Amino acid sequence: MNTAVKNPGGSVVGVDVGGTFTDVFVLNEHDGTAVVAKVPTTKPDQSLGFLSGIQQQVNQLGDIAVVVHGTTAGTNALLERKGARCGVITSQGLRDVLEMRRRDRPRTWGLRGNFTPIVERQFRLEVPERMLADGTVHTDIDLDAVENATLQLLAAGCNAVAILFANAYANTENEAKAAALVRKLWPNSHVTASHEILPEIREFERFSTTVLNAFLQPEVSGYLRRLEAAMHSDGFTGEFMIVQSNGGVMSVDTASRLPLRTALSGPAAGVIAAGYIAKCAGFNNVITGDMGGTSFDVSLIADGQSMLSAQTSIDFGLVLRTPMIEITTIGAGGGSIAWVDKGGLLQVGPESAGSDPGPVAYGLGNTRPTVTDANIILGRIDSKSPIGGKLAALNAKAAAAALDEHIGNPLGLSTVDAAEAVLRVANSRMAGAIRLVSIERGFDPKQFVFMPFGGGGALHAGAMLHDVGIAKAIVPRYPGVTSAMGCVIADMRQDFVQTYMTTLDALDEVVLMTYMQNHVVAGMNVLNASHNRFESHHICFELDMAYAGQTHTLAVSIPVCVNDARVEAINKQCLTEAFDDTYVRTYGRLLPNGVRRVINLRTSVTGIRPKFDLSTLAPSSDGADIDTSLNPENITRCEKSGRRVFMDKRWYDTKVYDRLKLPIGSIISGPAILEQADTTVLIEPGLQGRIDSFGNTILEHREQSA
Amino acid sequence: MNSNSVIDPITLAVLAGRMEQIADEMDATLFRAAFNPIIAEAHDASHGLYHPETGDTLVQGKSGLPIFVGVMSFAVKAVIDKLAANNDLADGDIFIFNDAHIGGTHLSDMRLVRPYFYGGNLFCYLASVGHWHDVGGAVPGNYNPAATDVFQEALVIPPVRLARAGVVNQDIIDILLRNTRMPQSTEGDLNGQLSALDLGVQRMDELLDEYGDCTVQSALIALGDSAESLMRAELKALPNGRWEAQDYLDNDGIEDEPLAIHVALEINDDAMTIDFTGTALQCAGPVNIALPTTVATAYVAIKHLFSDLPANAGVMRPIDVRVPAGSLLSAQFPAPTGGYTETILRMIDVIFSAAAQASPTLVVANAYGTINALSIAGKRADGQPWVMFSFYGGGHGACCDGDGLNHGNAPISTATIPPMEILEAAYPVMFRQWALRAGSGGAGEYRGGMGAIYEIEVLSEGGAEAYLFGERGRFAPKGIAGGGEAAMNVFSYEQHEAWLQPPMVSKMRGIKLQQGEAVKLETPGGGGYGSAQQRKPQQVARDVQHELISAELADEQYGAAWREIDA
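So the sequences go chain by chain: A and B. Counting from 1, position 180 in the first sequence corresponds to residue 179 in numbering that gives the first Met the number 0; the numbering is continuous, with no gaps. Counting from 1, position 527 in the second sequence corresponds to residue 526 in numbering that gives the first Met the number 0; the numbering is continuous, with no gaps.
Hints were generated in silico from the structure; no laboratory data involved. Keep in mind that the hints are not guaranteed to be accurate.
[Stated by the list, open to error] Calculated lysine-lysine pairs in the BS3-like style (CA-CA distance at most 25 Å, straight line):
{"#": "1", "chain 1": "B", "residue 1": "K235", "chain 2": "B", "residue 2": "K378"}
{"#": "2", "chain 1": "A", "residue 1": "K383", "chain 2": "A", "residue 2": "K610"}
{"#": "3", "chain 1": "B", "residue 1": "K235", "chain 2": "A", "residue 2": "K341"}
{"#": "4", "chain 1": "A", "residue 1": "K639", "chain 2": "A", "residue 2": "K278"}
{"#": "5", "chain 1": "B", "residue 1": "K378", "chain 2": "A", "residue 2": "K341"}
{"#": "6", "chain 1": "A", "residue 1": "K660", "chain 2": "A", "residue 2": "K278"}
{"#": "7", "chain 1": "B", "residue 1": "K61", "chain 2": "A", "residue 2": "K341"}
{"#": "8", "chain 1": "A", "residue 1": "K660", "chain 2": "A", "residue 2": "K383"}
{"#": "9", "chain 1": "A", "residue 1": "K471", "chain 2": "A", "residue 2": "K648"}
{"#": "10", "chain 1": "B", "residue 1": "K302", "chain 2": "B", "residue 2": "K235"}
{"#": "11", "chain 1": "A", "residue 1": "K341", "chain 2": "A", "residue 2": "K278"}
{"#": "12", "chain 1": "B", "residue 1": "K302", "chain 2": "A", "residue 2": "K445"}
Predicted model, so just to flag it, every value in this text is computed and none were measured.
With these hints in hand, go ahead and build the complete structure from the sequences.
Shown next, in the form of structure tokens:
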């Protein structure tokens, strides 16, 4: 894994820039081999770390065909509110839609908290115009007013503008006329109209999404252009692509135009890789758990498909409506703080020390005990040689003192019991998140395997088997670079939506087919313009449907053939059957006299990229010149000096293994610890870890062993 | 529930999460399975575990509606009282009812109560409540502002057995389905609630198998004790004393007389009395509430004041709620209760106003204080009737942390407002304005949030009729710690090019509107916090720049210092 590829030829490089590390995954598409690198993230200019990471493994940037990037630039700009000064031109009477939201509040209990909109009120200007819901014009657009508004916003120093008209999903005419005029007057390309971003009914969601896109455009496109320029100046001539929140990749041009699609770029790549690794290892139903410093992110993959959610809130009131991989976050990470409430009950999180100052043992200023401190006290994390390489040693004494003061003394527990209590509460919360995510989707979590990734998850995987009743956990061979690997695996995907409100009886097949055809053409144009190799194309149509009177819609997959990018004739009977099937599956029975309605068309156009052979990462073939055949000496050879670890109410003398050197087929019985540079796998008593043919570690109960 | 064994703190902390999780999973099961969007999207439902003898709340889910958190134990208690007569409870029994006079809230809320047995013994009750779409009565959706008794509101069901020893009585379901305008919705919601209870039983079995019933029982006792000591610790931190507050409802929709809601809040070391003596008598219209609703509302107010408290009856042990007999807060059957939301919002306001005298930093000033139930109905060109029904938002109160939220939802709810475009697509109306109402927040060091203006034009050729059930038309939301009052609710309607207002200000039936005419709702803001003189001129200047208050109003409320600021 450590020797640079001499001549990668058509290599594909995935780069994930996280808060602490920049991970690089290099795939040689000719021979299917792969190498990884991990370097510190550089701030404020991330491009330095980005390039040095790639250059660790690739000598000539000119040899790279494609670089795919999972980025948090968009998310961070939203959270820190570091975007453009943005103006809004909107319909008469509606300038406050963005600020009024959907009449929600930040927290259920307490009634405190406020909301500051992304665009200040004096930069939200109204112009006379009104479209009705059926697409007829009630008031013509007043273009003089649009011109005045535009000049007013420019004079106020706005460098991006969003045009937000009522019912523009139903008829784009007024909004398109206004956008054309604004574009003539605006000095840069940061002009966004709501129908271009999201031609879907629901004004707040559409306006919010459009404005956030405008807000991000200068920031994200600037960042991506700087990265691209830096790579070009080092000889890169290939294609630069960005992972979208939906788990697909897009061109850097698309990302610059539609930066809202990068909101969950990094985490989505991780879930894509997790799904692929699990599938190769023979598991189609997976729940992933990414444990970081402040949070535990859960995602569910059923039958090989990641769950997508239609929208998310980046922060209270900052709603983004674009398909994204569904990730549920709870405040239970390594840095989550343990405390005893006024009623004497032990709590963990949601307050977190993060990675800076981090756990007490880091000695960077935090004095309240965290989950990581508990892991150190119990010997699960080696305080003498901590993973990750950030610190030389951890201060276990300080961690113990903090646990005593804040947990042990108030509850009358010894240091060790206090540490175990913290872990049990933290594990129980993570298990709860896993159960709830499954139940909400109508699945039984026991039918799934658990895959921890990120640095910390593998310490807690065994506890998930116990607390959730999951049979197996699968720890990927390189859990610390999952997101970078996902960049390389992800397919190229474009999502489209168009509101088309009609009863099914009144549906005009020609109109629907025209919408479909437009989506397919737009999607195929993007795929054809790309330099990527695609094994195949995949086009998927869904209609949001319901019975008249229901506000709740169902996503109904509709069977339509596409031949050579031509959409074939639609049969209304097929649509009826597709709706009825989906309805019965969801609700049990049809409404005998219900009127079927169509609300939105959703289309995805995907170019399937060639997948690499995961077994090239396996122990026998990763380039190391050691004997990795399965015999007892080769397992014993992996033993490092052991340590005492507290598990299940007592101390165990625990063997520690060098994880990456363990041969395929090795079975390590708990208690044991497997270590690698950035990950510790804990195998508790009663469990075993089996190394599968890809080098993954399968955690399972000992009696299950085959 | 009489185990005396002491539970270790580790197991206790784990079990606390596990049991809350069971209630959360029951919530999730119903949200997913429910047909009607009031449950599926607005989450107007709740689940929990209740004491086998007292019905006290032991554990409740996190995602249920605030008002249900306090009211559910009355539903369980009603079942326990009924059983006391016969003593014939069996494993697999399930009770159903909606009678608001014994279970609280209103008749749309259907409650299911199921005993949970472990090892042949009654361990606790599980309960599920959800807001059904339609339960018969005079008006679709059961919101009848003209009702003078419950029979005009909905079908009333006392606690009856839906299932006996695991066998569902189809006769009961047949009665329910025959008494609703929306049988499919009713059946879907009922099945969802039954599934949620099934899941609860399954999860409780797993939990008790793993930990043993004695340990779980000890945990429940310890959690109640922990909640109680949390509450006592919060009360002890407050000064001793007695504080009073009074506010009014505009009228009951039948007679145009203000109705006083009075509270005296007394803190004595680690205990508190909330006494509603001085409140108006039971009235003819639907702003009455039954005693369970009153107690539950006190709990909602307390939980807003101390937002980290668990949903557990232990919290209420140090609190004595006193309600005078004969008042509109202890209405007797068959008084109508359909408009209960307005009354309980005013109760929360007076509790906040009294508590603010004890500790201003603890409290948020009054929110807008009315749900403004507005319906507009007419006929389409093809003769089909249409009814647009929605609640509208307003401003939240300010607090010591900062200004109040502009345009929020009512403190008793978490429901969001439907999008304007969805309403315009479904009904022949056009919103001329969907805007913040400048100047409507109460002045103060921190000002109240702004209310809203909704101006709705009728597009249908045949015109329409409008119905409003609101409040705060004559009595403004109050500030705290010297903060100012917010603007009052103003409802007006257009007739023959003139704007008119209803004689009973916030309530009116059958307002005739022609095509092209509109109704306009200007909702209250929230009250202010602290003296307006203390507000930073920069903040006043910013509000003027944002056009949230006019320059003239800024001068009047805050003086001219803001004019010196360079915006």
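Going through the hints against the structure:
| no. | hint | result |
| --- | --- | --- |
| 1 | B:K235 to B:K378 | violated (60 Å) |
| 2 | A:K383 to A:K610 | violated (40 Å) |
| 3 | B:K235 to A:K341 | holds (12 Å) |
| 4 | A:K639 to A:K278 | violated (32 Å) |
| 5 | B:K378 to A:K341 | violated (59 Å) |
| 6 | A:K660 to A:K278 | holds (23 Å) |
| 7 | B:K61 to A:K341 | holds (20 Å) |
| 8 | A:K660 to A:K383 | holds (22 Å) |
| 9 | A:K471 to A:K648 | holds (23 Å) |
| 10 | B:K302 to B:K235 | holds (16 Å) |
| 11 | A:K341 to A:K278 | violated (47 Å) |
| 12 | B:K302 to A:K445 | violated (36 Å) |
Violated hints, in rising order: 1, 2, 4, 5, 11, 12; the structure is consistent with all others.
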